[in-house]
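Student: These protein sequence lines map, in sequence, to chains E and V. Each residue of the first sequence is one higher than the one before, starting from 1 at the first, in this note's numbering. Each residue of the second sequence is one higher than the one before, starting from 1 at the first, in this note's numbering.
Source of the hints: derived by calculation from the structure; they are not laboratory data. Treat the hints with caution; some may be incorrect.
As the list makes no split between identical chains, a pair holds if one copy fits it or if it spans any two.
To be verified - Calculated pairs, PhoX-like style, for lysine-lysine (alpha carbon to alpha carbon, straight line, at most 25 Å):
id	residue 1	residue 2
1	145	29
2	126	90
3	108	126
4	64	97
5	108	64
6	29	113
7	106	64
Protein chains: 2
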Amino acid sequence: MIPVKTLVLAACTAAGLMASLPASAQFAKPEDAIKYRQGAFTVMGAHFGRIGAMVQGRVPYDAKAAAENADIVAAMAKLPWQAFGEGTDKGAPHRAKPEIWREADKVKAGADKLVADTANLATVAKAGNLDQLRAAFGTVGQSCKACHDAYRADRYSN
Amino acid sequence: MIPVKTLVLAACTAAGLMASLPASAQFAKPEDAIKYRQGAFTVMGAHFGRIGAMVQGRVPYDAKAAAENADIVAAMAKLPWQAFGEGTDKGAPHRAKPEIWREADKVKAGADKLVADTANLATVAKAGNLDQLRAAFGTVGQSCKACHDAYRADRYSN
Numbered sequence: 001m002i003p004v005k006t007l008v009l010a011a012c013t014a015a016g017l018m019a020s021l022p023a024s025a026q027f028a029k030p031e032d033a034i035k036y037r038q039g040a041f042t043v044m045g046a047h048f049g050r051i052g053a054m055v056q057g058r059v060p061y062d063a064k065a066a067a068e069n070a071d072i073v074a075a076m077a078k079l080p081w082q083a084f085g086e087g088t089d090k091g092a093p094h095r096a097k098p099e100i101w102r103e104a105d106k107v108k109a110g111a112d113k114l115v116a117d118t119a120n121l122a123t124v125a126k127a128g129n130l131d132q133l134r135a136a137f138g139t140v141g142q143s144c145k146a147c148h149d150a151y152r153a154d155r156y157s158n
Numbered sequence: 001m002i003p004v005k006t007l008v009l010a011a012c013t014a015a016g017l018m019a020s021l022p023a024s025a026q027f028a029k030p031e032d033a034i035k036y037r038q039g040a041f042t043v044m045g046a047h048f049g050r051i052g053a054m055v056q057g058r059v060p061y062d063a064k065a066a067a068e069n070a071d072i073v074a075a076m077a078k079l080p081w082q083a084f085g086e087g088t089d090k091g092a093p094h095r096a097k098p099e100i101w102r103e104a105d106k107v108k109a110g111a112d113k114l115v116a117d118t119a120n121l122a123t124v125a126k127a128g129n130l131d132q133l134r135a136a137f138g139t140v141g142q143s144c145k146a147c148h149d150a151y152r153a154d155r156y157s158n
C-alpha cells in the first residue's frame, strides 16, 4: 500500500475555507501545510516567470507556451490559500507575516483577485496577442506584489 | 516591475525535453529547478493523498472533491520532469538518486506512465464510482512507488 498523508476531515475545495478550518482539516501537520503552500507558490512563480520572460522580451514570444504556462498559473493560484489555516504559522521556516492570520478578509480578497486575474491571464494568453498578454501579466503581477508587500517577510521564520 | 526569474531559452512544454536541455534552459539556477520539482511533487502528493483518504475510507467519499483533486494531480504529474535537467543534482538538498540522470529513458517512461495513469484517474474520478476510483488510485500509486523505489533516496543530499 502506498503511504499517503492522513487527512482528518474531508478535503474541501481549493481556495474555499481558508483560515476557517484548523490545519488538521486538510494537512496532517502544520509543516505539511507550509510546504504545500510554498510548493504551490514556487510552481506558480516559475510558470509566471516564463510568461514574464516573453512579455519582457527576454525570450521569443511563443503563444502556445504562453497559454500553457498561463493555464498552470491559473490552476496554481487557487491552491495556496487553503494552507494558511490556523496553526500553520509554525512548523517549518516560512515568510508569512503574522498579519496573514489576523486579516483573513483582506487576504481572501487578495486571493480572490489573484484567482480572477490569473483566470483572465489564461484567457488572454489563448488569444495570442502579445500586447494583451503583457497587460494581463502586469495585472497579475500587481496582485502578487500587493500581497507580498503586505504579508510576505523578507526573511524566513525559525 | 515585478521581479521574475530569468530564463535563458524559450520555455518548452511540460514533460517534454527532460534531461535533454541544461537546467539553465528553464531555470535560472539548479536550486530553482530543485525547489520547483519538489514543489510540484508536494502539491501532487497532497491532492493524491486526499483521494487516498477517500478510497481508503478514512474520510467520506465526495465525488466532486475527488474529481477536483484528481484534476490537480493530473496537472501536476506533467510538471516535475522538466526540472531534472543536467546540473540539477546539486544546488539544494534533495532526494533524487544519481541514477535519475543516468537512466533518462527509463525515467521518461515512468513519467509518461504517471501522466497517463493520472489522466485516467481524472477521467475515472469524474464518473463518480468509488470502486473504479479506488482501482485508478491504486494504479497511480504503483507508478509513484516504482519511481520512488528506483530513484528516490531515503535521505536528503547535501
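Student: Hint by hint, note whether the structure agrees.
Tutor: Hints versus structure:
no.: 1; hint: 145 - 29; verdict: between (28 Å within a copy, 23 Å between copies)
no.: 2; hint: 126 - 90; verdict: neither (40 Å within a copy, 36 Å between copies)
no.: 3; hint: 108 - 126; verdict: neither (27 Å within a copy, 28 Å between copies)
no.: 4; hint: 64 - 97; verdict: neither (37 Å within a copy, 33 Å between copies)
no.: 5; hint: 108 - 64; verdict: between (31 Å within a copy, 23 Å between copies)
no.: 6; hint: 29 - 113; verdict: neither (28 Å within a copy, 31 Å between copies)
no.: 7; hint: 106 - 64; verdict: neither (35 Å within a copy, 28 Å between copies)
Hint compliance for this structure: hints 2, 3, 4, 6 and 7 are broken, all remaining hints hold.
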